[in-house]
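Read off the chains here:
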Amino acid sequence: MNIIAILSMAILGALFALGLAFAHKTLKVDQDERVEKVDDLLPGADCGACGYAGCEAMAKAIVEGKIKPTKCPVADEETYEKIADLMDISLQEAAGENVAVVLCRGGKEEAKSAGEYKGIETCEAANLVGTGGKVCSYGCLGFGDCVDVCDFEAIRMNENRLPEVIEENCTACGACVEACPRDLIEIHPVERSLFVWCKSHDDGATARQACEVACIACTLCAKLCDGVEMEDDLAVVNHEKTDTCDPGVEKCPTDAIAYK
Amino acid sequence: MQLLSRLATFPGGTHPPEYKHQTASKKSTRIPLPEKLFLSLQQHTGAAAKPLVGKGDEVLRGQMIAEAESNISASLHAPASGTVNKIGKHPLPDGTTGDCIIIEVDQDNEDEKFYSPFQKIDSISSEQIYRRVREAGVVGLGGGAFPSHVKLSPPEETNIDTVILNGCECESFLTSDHRTMLERPKAVVNGLRLIMKAVGAEQGIIGVEDNKPDAVEELDDSLPESENLTVQAVEDKYPQGVENMLIYALTGRKMGASLLPADVGCVVNNVSTAAAISDAVLRGKPLIERIITVAGPAVKSAANYTVPIGTPFEHLFEHCGLIDETKLILDGGAMMGTSQSDLSVPTVKATGGIVALNQQHVNERQEHPCIRCARCVSKCPQKLVPTRLARLVKARRYDEAKDLHVQNCLECGVCSYVCPSNIPLVHWLRVGKEKVCP
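Going down the list, the protein sequences come from chains A and B. Read left to right, the first sequence gives residues 23 to 282 (the working numbering). Read left to right, the second sequence gives residues 5 to 442 (the working numbering).
Worth flagging that the hints you see were computed from the coordinates, not collected in a lab. Possibly wrong hints are sitting among the right ones.
Calculated cross-link-like contacts (lysine-lysine; reagent style DSBU-like; alpha-carbon spacing at most 30 Å) [as the list claims (entries may be wrong)]:
1. A/LYS130 / A/LYS273
2. A/LYS221 / B/LYS59
3. A/LYS221 / B/LYS90
4. A/LYS134 / B/LYS383
5. B/LYS331 / A/LYS245
6. B/LYS93 / A/LYS130
7. A/LYS140 / B/LYS93
Based on the provided sequences and hints, a complete structural model is requested.
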């Protein structure tokens, strides 16, 4: 009796073992070991602010390249760097290959003032009052709404009352683009460098009077370079076609078209 | 008994100092024409007018120089004879720069090109009135500059029974409507009759604030006996001249925020607009000039001028003089006027007055925290809660501001005016409106 019991248990055991071995072979899911490591680096708050169900889900998405590590609003700079190291990419790549670009260089030095603006000191409010302090009705208002909405300290006002993008910090989240009432901020791939730093559609004479660095619609750059086009008295770079225009940059009378 | 009974009015509102004595008794005069007139193609609500003339063309006073292409737009006419200098950008009183037809005035040419006048109101059809008002480029002269012909052809399904003329002129300093009522009461009344005829209304009421008893009397004397026309004094309170406030005060009909006057059976026009309509129909004269008040403590000799549309502000100030300590120049009255930084801007059809203030009259007091006194709440004619709305907009919580109807704000400025903490409430509400309904 004892032998039968022992044998049947052994056979059953062997069968189950075979079943498990088979399942292990056929049903095995290969998981990138980096997922676990990234998950360990993430704060573990499982807050869901990144848009994924929790940190593990985000870690997986990071490894799969679906989301940039900097989209985690809880983690700090150090964490981003560590994750970037782990993924073997630069922090810039980790932050996304896009950055915000402010397309106005008419600060208080260059743009003519239309008078003293007295009112609520935000761009939104100033934009409702005539031209908001400057003669140019297209240019930067200089109250820094873009700075206020940036969660990454990636934009600051310089002494010339113009916003400056700190590219290392920029995650291309687009909050500043939304906030700018003059639509001066655009998101572009970081390597792009040729831009027309002006959004004024005023005719040449009007633009020249309003600002020293305005596009005065002389059309010189558009004539010299394929890929630079004129749209309603404003030169625009068609980045699908080109990212260089050396003769245009050299000849532009107001330096409106220039490299970053 | 009339004196003892309470005057018609609306709930809320305030009564800022009027400062009208400076010009109320000054008859409107003409001053020499400026060298150049600047006629903005976009000086009305709606689409810009399309120029009909080019550089170098000779134009006659009253000749159409730009045409309304769509229904909500208004044509432009040369306010003086001369030559088109160019069509180009020029600063405008709303603070922007816009396309203008610039006419070099020929001071000696007195030729005119008006439309042929209709002789009698009784024999004109409503279609003829509509067409004439449209071709004459008449717009609302109370400040809105809404094309008048649009108001004369209300949608078929509405039933207009009352035409109201707005003679309130509740803004500080301004007296141009007052002068129009005193100097041209017949034209105002004829305008009212023409509007009534065009929209098929039986009743016409001219609402005048009771700080202008002379205007009430003058209009009363000019009313024909037989028709159902009345002049009614309303309480002098700001903003009595807003459509919904005036309709409520005169007829008791409540206009919801989303309704148009036509939905409560009314059409409201300014008294100066009525006079312009009368000129267009009965004199064949397009809208090319109007009375403008130039007043304020910084003006040396305040006056009412009949000036051609497109006269630069600086030309007016050359005649009435500005003190050296001028601090602020407004297109419009002290409550809703727009401050100006460039005096080369021209007057537009809607410019009823220009106010120049000195330091003493400009509020530069510091802003303090809200003390929850609710003055803005009790005075808001639209029954909004400005203090709460301002805080929501400041925090960029626009959805909640929309739920509290920030879009219904009239921008009358009563909230900012009564706020003891100097909070720029109306400015915040404007930001909110812009965000909620751009």
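Each hint tested on the structure:
1. A/LYS130 / A/LYS273: holds, 24 Å
2. A/LYS221 / B/LYS59: Distance of about 28 Å is within 30 Å: holds.
3. A/LYS221 / B/LYS90: Holds. A/LYS221 to B/LYS90 sits at ~25 Å (cutoff 30 Å).
4. A/LYS134 / B/LYS383: violated, 40 Å
5. B/LYS331 / A/LYS245: This hinted pair is violated, its Cα atoms lying about 47 Å apart.
6. B/LYS93 / A/LYS130: Measuring from Cα to Cα gives roughly 23 Å; hence the hint holds.
7. A/LYS140 / B/LYS93: Answer holds: A/LYS140 to B/LYS93 is near 26 Å, not above 30 Å.
Figure legend: structure checked against the earlier numbered hints; hints not met, in rising order: 4, 5.
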